[in-house]
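A.B. asks: Below, each chain spelled out in residue letters.
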Amino acid sequence: MAKKFRVEVTADECKGCGRCIAVCPKKLLSRGKELNIQGYFAIIAENPGNCIGCGSCFYQCPEPGAITIFEEE
Amino acid sequence: MSEKVKFGRSKVFFDTFHRRPGPIKKNMHYCPGCGHGILHKLIAEAIEYHGIQEDTNLIAPVGCAVFAYYYFNVGSISVPHGRAPAVATGVSRAKPESFVISYQGDGDLAAIGFNEFLQAANRGEKMTVFFVNNSNYGMTGGQMAPTTLPGQKTTTSPYGRNPETEGYPTPVCEIVNALTAPVYIERVALTTPGRVANAKKAVYKAIQNLKERKGFSLVEVVAPCPVNLKMSADQVNEFIEKQMLNYFPLGCLRDKTADMEPGKLPAPVIRDEESVRKILFPVRSENGVAADFRNSSAVFDQELRVKIGGFGGQGVLSLGVMLANMARLRNFNVSWMPSYGPEQRGGSACCAVTVSRNTIPSPIIDRGGNLLIAMTQAALDKYLPELRDDGVLIYDHTAVKLPQLPETMQTYGIDALAIADEKLGSSKFANSVLLGVLAAVLAKNGMNEADKADFDKAFAEAVEEKFGKKPGAVEANIKAYEAGKAAL
Chain S
1 MAKKFRVEVT
11 ADECKGCGRC
21 IAVCPKKLLS
31 RGKELNIQGY
41 FAIIAENPGN
51 CIGCGSCFYQ
61 CPEPGAITIF
71 EEE
Chain R
1 MSEKVKFGRS
11 KVFFDTFHRR
21 PGPIKKNMHY
31 CPGCGHGILH
41 KLIAEAIEYH
51 GIQEDTNLIA
61 PVGCAVFAYY
71 YFNVGSISVP
81 HGRAPAVATG
91 VSRAKPESFV
101 ISYQGDGDLA
111 AIGFNEFLQA
121 ANRGEKMTVF
131 FVNNSNYGMT
141 GGQMAPTTLP
151 GQKTTTSPYG
161 RNPETEGYPT
171 PVCEIVNALT
181 APVYIERVAL
191 TTPGRVANAK
201 KAVYKAIQNL
211 KERKGFSLVE
221 VVAPCPVNLK
231 MSADQVNEFI
241 EKQMLNYFPL
251 GCLRDKTADM
261 EPGKLPAPVI
271 RDEESVRKIL
281 FPVRSENGVA
291 ADFRNSSAVF
301 DQELRVKIGG
311 FGGQGVLSLG
321 VMLANMARLR
331 NFNVSWMPSY
341 GPEQRGGSAC
351 CAVTVSRNTI
361 PSPIIDRGGN
371 LLIAMTQAAL
381 DKYLPELRDD
391 GVLIYDHTAV
401 KLPQLPETMQ
411 TYGIDALAIA
421 DEKLGSSKFA
431 NSVLLGVLAA
441 VLAKNGMNEA
451 DKADFDKAFA
461 EAVEEKFGKK
471 PGAVEANIKA
481 YEAGKAAL
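Chains S and R, in that order, are what the protein sequence lines are.
Taking the numbering used here, the leading residue of the first sequence gets 1, the next gets one more, and so forth.
Taking the numbering used here, the leading residue of the second sequence gets 1, the next gets one more, and so forth.
It should be emphasised that the hints constitute simulated quantities derived from the structure, not laboratory data.
Each hint should be verified, as a subset may be incorrect.
[As the list claims (entries may be wrong)] Quick list of in silico lysine to any residue cross-link-like pairs, SDA-like style, CA-CA up to 20 Å:
(1) Lys256/R / Val183/R
(2) Lys4/R / Phe70/S
(3) Lys423/R / Lys485/R
(4) Lys485/R / Ala453/R
(5) Lys25/R / Gly39/S
(6) Lys6/R / Pro48/S
(7) Lys242/R / Thr154/R
(8) Lys230/R / Gly39/S
(9) Lys401/R / Tyr412/R
(10) Lys485/R / Glu422/R
(11) Lys6/R / Glu8/S
(12) Lys230/R / Ala22/S
(13) Lys26/S / Pro193/R
(14) Lys401/R / Phe311/R
(15) Lys6/R / Gly53/S
(16) Lys27/S / Gln235/R
(17) Lys444/R / Glu482/R
(18) Lys466/R / Leu317/R
(19) Lys457/R / Ala483/R
(20) Lys4/R / Pro48/S
(21) Lys95/R / Leu280/R
(22) Lys4/R / Ile21/S
(23) Lys95/R / Glu54/R
(24) Lys200/R / Thr68/S
(25) Lys428/R / Val474/R
(26) Lys230/R / Ile21/S
(27) Lys3/S / Ser2/R
(28) Lys485/R / Ala440/R
(29) Lys6/R / Glu73/S
(30) Lys6/R / Ala2/S
(31) Lys26/S / Ile52/S
(32) Lys3/S / Lys466/R
(33) Lys4/S / Lys6/R
(34) Lys25/R / Asn36/S
[Said to hold, decoys possible] A few chain S positions that, by computed beta-carbon distances, are all more than 12 Å from chain R:
(35) Lys27
(36) Lys33
(37) Ile44
(38) Glu46
(39) Asn47
(40) Asn50
Here the structure is a predicted model, which is why all the values come from computation and not from measurement.
Just so you know, even glycine gets a beta-carbon here, dropped at the ideal spot from N, CA and C.
Take the sequences, apply the hints, and build the full model.
C.D. replies: In structure tokens:
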């Protein structure tokens, strides 16, 4: 069985730089419409369950915990 | 169905950045899209992977990354601008069990600290240096850096960097590659996922070299600075790919790690912890207040603020040192600050001595002094305005003509040079004569018997400390001191 992954963006930790948007091979990430606690338009993940767990967005993100990728067991 | 974290916050970061001021405790202070955050994550992961968190010392000098200690749960030191490799060397000498990382930006490493960095690389210190190259001074708002590209506009090169007047970008990796000692030199970028994967490999390798103590490793990271370059995330990646990489080609310039045996750091030369502690933390009472304050004189209520002026060669500076040493032996807070002309003999000489029960905020005495010892007319004219109206003036009455003075000022004219010459056959004992005079002055101003005796004893101890190996000199100085006491 293929592994399943889920990407999660913690809205309040995101600074909305947009580095993750371009690198996602499944185009799951886009800029949100709501300001977060820091005053940035945080990134949101659509269909987070379609994530393939490549980690590209995680390593493009300058924040330590804004993006987390979970693997289902 | 349960989940586990595949990619997430590293354990080497603090869970909450409690050291960071302000309400936001989960984020770093870097601008959106900054390369520092990405490199921080890679370094944190590498430290975690290699299991060296306990003994790692991350040294970040001035630059955007100066607050790295907010984030990394490792030993951290913030050091002056550019001095990270020098301090890192010190740390590795003092603590051979530590793993020392220096984390520097381009203004820090390639400009103000280039010498420290090159010397450390040339010595082959067993440390790892991460060099973040973003083509400008980010922390201060995007000024021209040594790594700024020709034609690139910054706030201090508004018409673009002109190589004719400002030179070309500094190729740090290539310069270090000319040295013999470094074992690993690589330049990486953070633009595409592939580049980041290479950067990750390089960071892991550099940390492995650190762990195995193979030698000096340098990883240059071409990092995005979208805010200061006034670009979006995509534009800054394009700028790096199309322009910066022409001047800073990526790749491994040197990798001698396979040929190197794992080493270890040299043992510290001196590790007498007790004497180091004695120097760094002298015995003091609480709040910087000196113990055993015995100055009961009415004039010198809290502090003895002395200015001594004269010709070079009259013993002006050594008189100050002797007085300071006497106070030091009695556990006071002391400062001694000399100021003299370039001549070995002659010329003007002056020193300021402060003896206090409390912490001395500044060694400078430019007003409010309560004792002036003037050996020449020039010194008197120069330093008299600094003396309090109720202060004490001791002067050489053969050399100095007194002006009109406030009535509250106490003056004592004495020819210390002549007394020393007459009683001891040499004018070089004049400073001990003057200390004797000072003892007499203190006695006149209400010092009690116990303190008088203690002052004499402190002088004897200070002389013993200085001239202990020359018994004749001890005797002569004490004789001069007694002569000074009697002369008043």
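A.B. asks: Now look at each hint and say whether the structure bears it out.
C.D. replies: Here is how each hint holds up against the structure:
1. The straight-line distance between the Cα atoms of Lys256/R and Val183/R is roughly 5 Å, inside the 20 Å bound, and the hint therefore holds.
2. Simply put, Lys4/R and Phe70/S have alpha-carbon atoms about 5 Å apart, close enough for the 20 Å limit, and the pair holds.
3. Using a Cα cut-off of 20 Å, the hinted pair Lys423/R and Lys485/R holds, with the two alpha carbons roughly 13 Å apart.
4. Under the criterion of a C-alpha separation no larger than 20 Å, the hint pairing Lys485/R with Ala453/R is consistent with the structure, at around 13 Å.
5. The suggested pairing of Lys25/R with Gly39/S holds, with an alpha-carbon distance near 15 Å, which does not exceed 20 Å.
6. For the hint linking Lys6/R to Pro48/S, the alpha-carbon distance of about 14 Å falls within 20 Å, and the restraint holds.
7. Between the alpha carbons of Lys242/R and Thr154/R the distance comes to roughly 18 Å, so the proposed pair stays at or under 20 Å and holds.
8. Pair hint Lys230/R plus Gly39/S holds up; C-alpha atoms about 19 Å apart against a cutoff of 20 Å.
9. Under the criterion of a C-alpha separation no larger than 20 Å, the hint pairing Lys401/R with Tyr412/R is consistent with the structure, at around 12 Å.
10. A distance of roughly 15 Å separates the Cα atoms of Lys485/R and Glu422/R; the hinted pair therefore holds under the 20 Å criterion.
11. Among the hinted pairs, Lys6/R with Glu8/S is consistent with the structure: their alpha-carbon atoms are about 11 Å apart, no more than 20 Å.
12. Of the supplied pair hints, the one linking Lys230/R and Ala22/S holds, its CA atoms being roughly 19 Å apart against a limit of 20 Å.
13. Taking the CA atoms of Lys26/S and Pro193/R, the gap is near 14 Å; set against the 20 Å cutoff, the hint holds.
14. For the hint pairing Lys401/R with Phe311/R, the CA-to-CA distance comes to about 16 Å; that is within 20 Å, so the pair holds.
15. Restraint check for Lys6/R and Gly53/S: the C-alpha separation of about 8 Å stays at or below 20 Å, so the hint holds.
16. Our distance criterion of 20 Å between C-alpha atoms is met by Lys27/S and Gln235/R, whose separation comes to about 19 Å.
17. Proposed proximity of Lys444/R and Glu482/R is supported: the alpha carbons are some 16 Å apart, at most 20 Å.
18. The hinted pair formed by Lys466/R and Leu317/R meets the criterion: a straight-line CA distance of about 14 Å does not exceed 20 Å.
19. Of the pairs offered as hints, the one joining Lys457/R and Ala483/R holds, with about 16 Å between alpha carbons and a cut-off of 20 Å not exceeded.
20. Restraint check for Lys4/R and Pro48/S: the C-alpha separation of about 15 Å stays at or below 20 Å, so the hint holds.
21. At roughly 17 Å between alpha-carbon atoms, Lys95/R and Leu280/R fall within 20 Å of each other, so this suggested pair holds.
22. Restraint check for Lys4/R and Ile21/S: not satisfied, since their Cα atoms lie roughly 24 Å apart, outside the 20 Å limit.
23. Annotation: proposed proximity of Lys95/R to Glu54/R holds, straight-line Cα distance about 13 Å (limit 20 Å).
24. Proximity of Lys200/R to Thr68/S is assessed by CA-CA distance (about 18 Å); at most 20 Å being required, the pair is judged to hold.
25. A C-alpha spacing of about 13 Å is found between Lys428/R and Val474/R, which places the hinted pair at or below 20 Å, so the restraint holds.
26. Distance check on the hinted pair: Lys230/R and Ile21/S sit about 19 Å apart at the alpha-carbon level, within 20 Å; holds.
27. Note on Lys3/S and Ser2/R: the hinted pairing holds, with a Cα-Cα distance of about 13 Å set against a maximum of 20 Å.
28. Restraint check: the Cα-Cα separation between Lys485/R and Ala440/R comes to about 5 Å, which is no more than 20 Å; the hinted pair holds.
29. Our distance criterion of 20 Å between C-alpha atoms is met by Lys6/R and Glu73/S, whose separation comes to about 11 Å.
30. For the given pair, Lys6/R sits about 15 Å from Ala2/S by alpha-carbon distance, which is consistent with the 20 Å threshold.
31. Note on Lys26/S and Ile52/S: the hinted pairing holds, with a Cα-Cα distance of about 8 Å set against a maximum of 20 Å.
32. Pair hint Lys3/S plus Lys466/R does not hold up; C-alpha atoms about 80 Å apart against a cutoff of 20 Å.
33. Between Lys4/S and Lys6/R the alpha-carbon distance is near 11 Å, which keeps this suggested pair within the 20 Å criterion.
34. A C-alpha spacing of about 15 Å is found between Lys25/R and Asn36/S, which places the hinted pair at or below 20 Å, so the restraint holds.
35. Its beta-carbon lying about 14 Å from the closest one in chain R, Lys27/S satisfies the requirement of being farther than 12 Å from that chain.
36. For Lys33/S, the condition that its CB be more than 12 Å from all CB atoms of chain R holds, with the nearest at approximately 17 Å.
37. Under the 12 Å C-beta cut-off, the non-interface status given to Ile44/S relative to chain R holds; the minimum distance is some 16 Å.
38. Distance to chain R confirms Glu46/S as a non-interface residue, since its nearest Cβ pair spans about 19 Å, more than 12 Å.
39. Distance check on Asn47/S: its Cβ is at least 17 Å (rounded) from any Cβ of chain R, clearing the 12 Å threshold; non-interface status holds.
40. Every Cβ of chain R is farther than 12 Å from the Cβ of Asn50/S; the closest lies at roughly 15 Å, confirming the non-interface assignment.
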